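*Asks:* Chains as they are written, first to last, in our numbering: chain Y, 1 to 234; chain H, 1 to 234.
Simulated from the structure, these hints should not be mistaken for lab results. Source: prediction; values computed, not measured. Incorrect hints may have been included.
A pair holds if it fits inside one copy or across any two, identical chains being indistinguishable in the list.
[Stated by the list, open to error] Here are the simulated lysine-lysine pairs, DSS-like style, with alpha carbons at most 30 Å apart:
1. K234 <-> K156
2. K225 <-> K4
3. K234 <-> K4
4. K234 <-> K150
5. K4 <-> K156
6. K48 <-> K234
Protein chains: 2
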Amino acid sequence: MAAKLILFPVPIGDGPIDTALPPYNREMLNTCRHFIVEDIRTARRNLKRMGYEAEIDDTTFFELNEHTPETDIAHYLDPIAQGSNVGLMSEAGLPCIADPGSLITSMAHRQGIEILPLVGPSSIFLALMASGFNGQNFAFNGYPPIDTNKLTASLKSLETRIYRDSQTQIFIEAPYRNDKLLALLASRLMPTTRICVACDLTLPTQYIRTRMARLWLTEPPQLHKRPAIFLLYK
Amino acid sequence: MAAKLILFPVPIGDGPIDTALPPYNREMLNTCRHFIVEDIRTARRNLKRMGYEAEIDDTTFFELNEHTPETDIAHYLDPIAQGSNVGLMSEAGLPCIADPGSLITSMAHRQGIEILPLVGPSSIFLALMASGFNGQNFAFNGYPPIDTNKLTASLKSLETRIYRDSQTQIFIEAPYRNDKLLALLASRLMPTTRICVACDLTLPTQYIRTRMARLWLTEPPQLHKRPAIFLLYK
Numbered sequence: 001m002a003a004k005l006i007l008f009p010v011p012i013g014d015g016p017i018d019t020a021l022p023p024y025n026r027e028m029l030n031t032c033r034h035f036i037v038e039d040i041r042t043a044r045r046n047l048k049r050m051g052y053e054a055e056i057d058d059t060t061f062f063e064l065n066e067h068t069p070e071t072d073i074a075h076y077l078d079p080i081a082q083g084s085n086v087g088l089m090s091e092a093g094l095p096c097i098a099d100p101g102s103l104i105t106s107m108a109h110r111q112g113i114e115i116l117p118l119v120g121p122s123s124i125f126l127a128l129m130a131s132g133f134n135g136q137n138f139a140f141n142g143y144p145p146i147d148t149n150k151l152t153a154s155l156k157s158l159e160t161r162i163y164r165d166s167q168t169q170i171f172i173e174a175p176y177r178n179d180k181l182l183a184l185l186a187s188r189l190m191p192t193t194r195i196c197v198a199c200d201l202t203l204p205t206q207y208i209r210t211r212m213a214r215l216w217l218t219e220p221p222q223l224h225k226r227p228a229i230f231l232l233y234k
Numbered sequence: 001m002a003a004k005l006i007l008f009p010v011p012i013g014d015g016p017i018d019t020a021l022p023p024y025n026r027e028m029l030n031t032c033r034h035f036i037v038e039d040i041r042t043a044r045r046n047l048k049r050m051g052y053e054a055e056i057d058d059t060t061f062f063e064l065n066e067h068t069p070e071t072d073i074a075h076y077l078d079p080i081a082q083g084s085n086v087g088l089m090s091e092a093g094l095p096c097i098a099d100p101g102s103l104i105t106s107m108a109h110r111q112g113i114e115i116l117p118l119v120g121p122s123s124i125f126l127a128l129m130a131s132g133f134n135g136q137n138f139a140f141n142g143y144p145p146i147d148t149n150k151l152t153a154s155l156k157s158l159e160t161r162i163y164r165d166s167q168t169q170i171f172i173e174a175p176y177r178n179d180k181l182l183a184l185l186a187s188r189l190m191p192t193t194r195i196c197v198a199c200d201l202t203l204p205t206q207y208i209r210t211r212m213a214r215l216w217l218t219e220p221p222q223l224h225k226r227p228a229i230f231l232l233y234k
């Protein structure tokens, strides 16, 4: 079988692996000795908890983050030409979704390399499943603008897509800004637009709640520094 | 622990369960005796392969499809008030994504019922992971218009979002129309817009390929009646 690029999801929380990953992922993990990762230290820890059996000293890590020079990245898939699988791991969740991993998959397509994406958790899709919102038409928009005026303009345009196209709008925020964002959403959106807040997904403290924008103004949850997904729909 | 609504993903293909689902899902499956399903016959088969141990005769099925009267649906979550978990299963992939399950999750939110979404496969997200396209901003648009003129107009508007907002555009098609759709995409999109075709995901015949629109005009793959996802990006 030709060597390939394998995309490894990583559990979102610290819970047991068997809530997050199919057993097959562990089997595939142990076919790789080369991994492209965002941070080597957390990658080592994740490999261990995901059942990687080889010695870490026999493992090659390629770092992919904002400090990586493009000239380095160009060589990250070289082991595949020599017959060895390469694994691409996220820090948490699905690789290449809400992270810069597509630099690597895009390069793999240009080089005609086979890509094997594996099943795993994604807070975006778990939140969408549980939101009660339209799952037949939805958009993930990444981070909202920080500037309040720009955010207000952006919300106006997202509400157009919600009401005109029946498209659920999803975004994330830096966890220390969650409470501020929710307060802004609750006050700036049309009163009947619904907000779903999904927080600490897959953790024992998981919180998923959907209600109309104006109802979030009273007794809002404490989201400070907790990973959260925000979804909007009519 | 209070009874809840549990969202059960179903494997996409006929492959072994341990490539598709975390072991925890089986454990949760066996806490349910009530299931909301699209089709009872396929649901029975899926329950069996997913490791459901109770007798099917002791199991209650609530059907949710285009023939279900709304007055019936209103009672589907009643077992939860009586202390029993209710499971919501898709036909394949993640419930409430690209299916009408959000009718049920939306009702659960109105009734203050806790929702537990479980991890599983989704051809949409596996395709996005492997596409090489932007996973930090993307939209799933469901089915494209069948009428060729409407499709052309719709592609124009999707290309605007690709080039202006850097947003990956994703859609699906009825499998018997795949070949026709790909030919239309290849001829109607701007020549440098890239198309990713992801077909038979999680199956041994899996096919994932990304190239520029005009290159799909020569030697296109045979997609007839194979489940496929189409993704577009610059």
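*Asks:* At most 30 Å between alpha carbons: which applies to K234 and K4, within, between, both or neither?
*Replies:* between (43 Å within a copy, 25 Å between copies)
*Asks:* Under a CA distance limit of 30 Å, which applies to K225 and K4: within one copy, between copies, both, or neither?
*Replies:* between (37 Å within a copy, 27 Å between copies)
*Asks:* For K48 and K234, with the copy left unspecified, which applies at a CA distance of at most 30 Å: within, between, both, or neither?
*Replies:* neither (43 Å within a copy, 37 Å between copies)
*Asks:* Have a look at K234 and K150 and pick one of within, between, both or neither, based on CA distance no larger than 30 Å.
*Replies:* Result: close both inside a copy and across copies, 22 Å intra and 25 Å inter.
*Asks:* Within a copy, between copies, both or neither: where do K234 and K156 come within 30 Å Cα-Cα?
*Replies:* both (13 Å within a copy, 26 Å between copies)
*Asks:* Treating 30 Å as the Cα threshold, decide for K4 and K156: within, between, both or neither.
*Replies:* Close neither inside one copy (44 Å) nor across copies (35 Å); limit 30 Å.
Consistency with the previously given hints fails for numbers 5, 6, ordered from lowest to highest.
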